[in-house]
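Novice: First residue of the sequence shown? That's 95 in this note's numbering, and the numbers climb one at a time after it.
Take these hints with a grain of salt, some might be off.
For each label pair, taking beta carbons as the anchor points, the in silico distance ranges come out as [stated by the list, open to error]:
1. Ser-121 to Asp-155: 14 to 20 Å
2. Asp-155 to Gly-107: 37 to 43 Å
3. Thr-192 to Gly-139: 27 to 33 Å
4. Asp-157 to Ser-193: 23 to 29 Å
5. Glu-158 to Gly-107: 32 to 38 Å
6. Ala-190 to Thr-102: 17 to 23 Å
Taking lysine-lysine pairs in the DSS-like style, the calculated list, with each CA pair at most 25 Å apart, reads [claimed, not checked]:
7. Lys-196 to Lys-209
8. Lys-196 to Lys-185
9. Lys-109 to Lys-196
10. Lys-196 to Lys-100
11. Lys-100 to Lys-209
12. Lys-209 to Lys-185
13. Lys-100 to Lys-205
14. Lys-185 to Lys-205
15. Lys-109 to Lys-185
By construction, these hints were calculated from the structure, which means they are not laboratory data. Note that the Cβ used here is the ideal one computed from N, Cα and C, for glycine as well.
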Amino acid sequence: MSGRIKDTIIINGVKHSAEDIEACMGSHQFFAGCAGAAFAIEINGHERAVLIQEVRRGRLDPDEAAQAVRHGFASITRQLGLRLFDIVLVKERALARTSSGKVRRGHAREKYLAKGFEPLAPLDAVLPTLEGSLTSVV
95 MSGRIKDTII
105 INGVKHSAED
115 IEACMGSHQF
125 FAGCAGAAFA
135 IEINGHERAV
145 LIQEVRRGRL
155 DPDEAAQAVR
165 HGFASITRQL
175 GLRLFDIVLV
185 KERALARTSS
195 GKVRRGHARE
205 KYLAKGFEPL
215 APLDAVLPTL
225 EGSLTSVV
């Protein structure tokens with residue numbers, strides 16, 4: 095695990111790097127070249143991991159998206175031993191960035207908690223193993 099301390103996600107006492115989570119999801123060609131933002135939220139006193147993942151314009155085929163999300167979810171679980179609470183797919187460039195082009199994870203977390211990502215097509219039926227109820231394509 096590498097990365098900045100503020101980008102460390104601790105779930106059940108285990109440290110996870112936001113960059114590692116994002117890289118696992120981004121390993122599927124569907125998400126190639128697109129940014130992601132992994133962060134933790136607190137639900138009923140427990141930390142949970144959430145991933146907001148951008149999708150390249152013109153690639154919002156629901157079946158292809160579902161297959162890519164299943165692949166990413168399985169990769170994260172297998173490689174990192176982490177079960178995501180929620181995954182939200184957003185259009186390319188929907189994640190706020192710094193002036194140097196880095197994704198602003200804190201901003202993504204705030205927007206997620208404020209329900210600022212408007213769902214277009216729920217993925218709940220595709221990924222019933224996720225704990226979250228907000229899982230969607232935005």
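Novice: Give a verdict on every hint.
Specialist: To see whether the hints hold, each was checked on the structure:
| no. | hint | result |
| --- | --- | --- |
| 1 | Ser-121 to Asp-155: 14 to 20 Å | 19 Å, holds |
| 2 | Asp-155 to Gly-107: 37 to 43 Å | 39 Å, holds |
| 3 | Thr-192 to Gly-139: 27 to 33 Å | 32 Å, holds |
| 4 | Asp-157 to Ser-193: 23 to 29 Å | 37 Å, violated |
| 5 | Glu-158 to Gly-107: 32 to 38 Å | 36 Å, holds |
| 6 | Ala-190 to Thr-102: 17 to 23 Å | 20 Å, holds |
| 7 | Lys-196 to Lys-209 | 22 Å, holds |
| 8 | Lys-196 to Lys-185 | 17 Å, holds |
| 9 | Lys-109 to Lys-196 | 22 Å, holds |
| 10 | Lys-196 to Lys-100 | 14 Å, holds |
| 11 | Lys-100 to Lys-209 | 22 Å, holds |
| 12 | Lys-209 to Lys-185 | 16 Å, holds |
| 13 | Lys-100 to Lys-205 | 18 Å, holds |
| 14 | Lys-185 to Lys-205 | 15 Å, holds |
| 15 | Lys-109 to Lys-185 | 29 Å, violated |
Comparing the model with each numbered hint stated earlier shows that hints 4, 15 do not hold.
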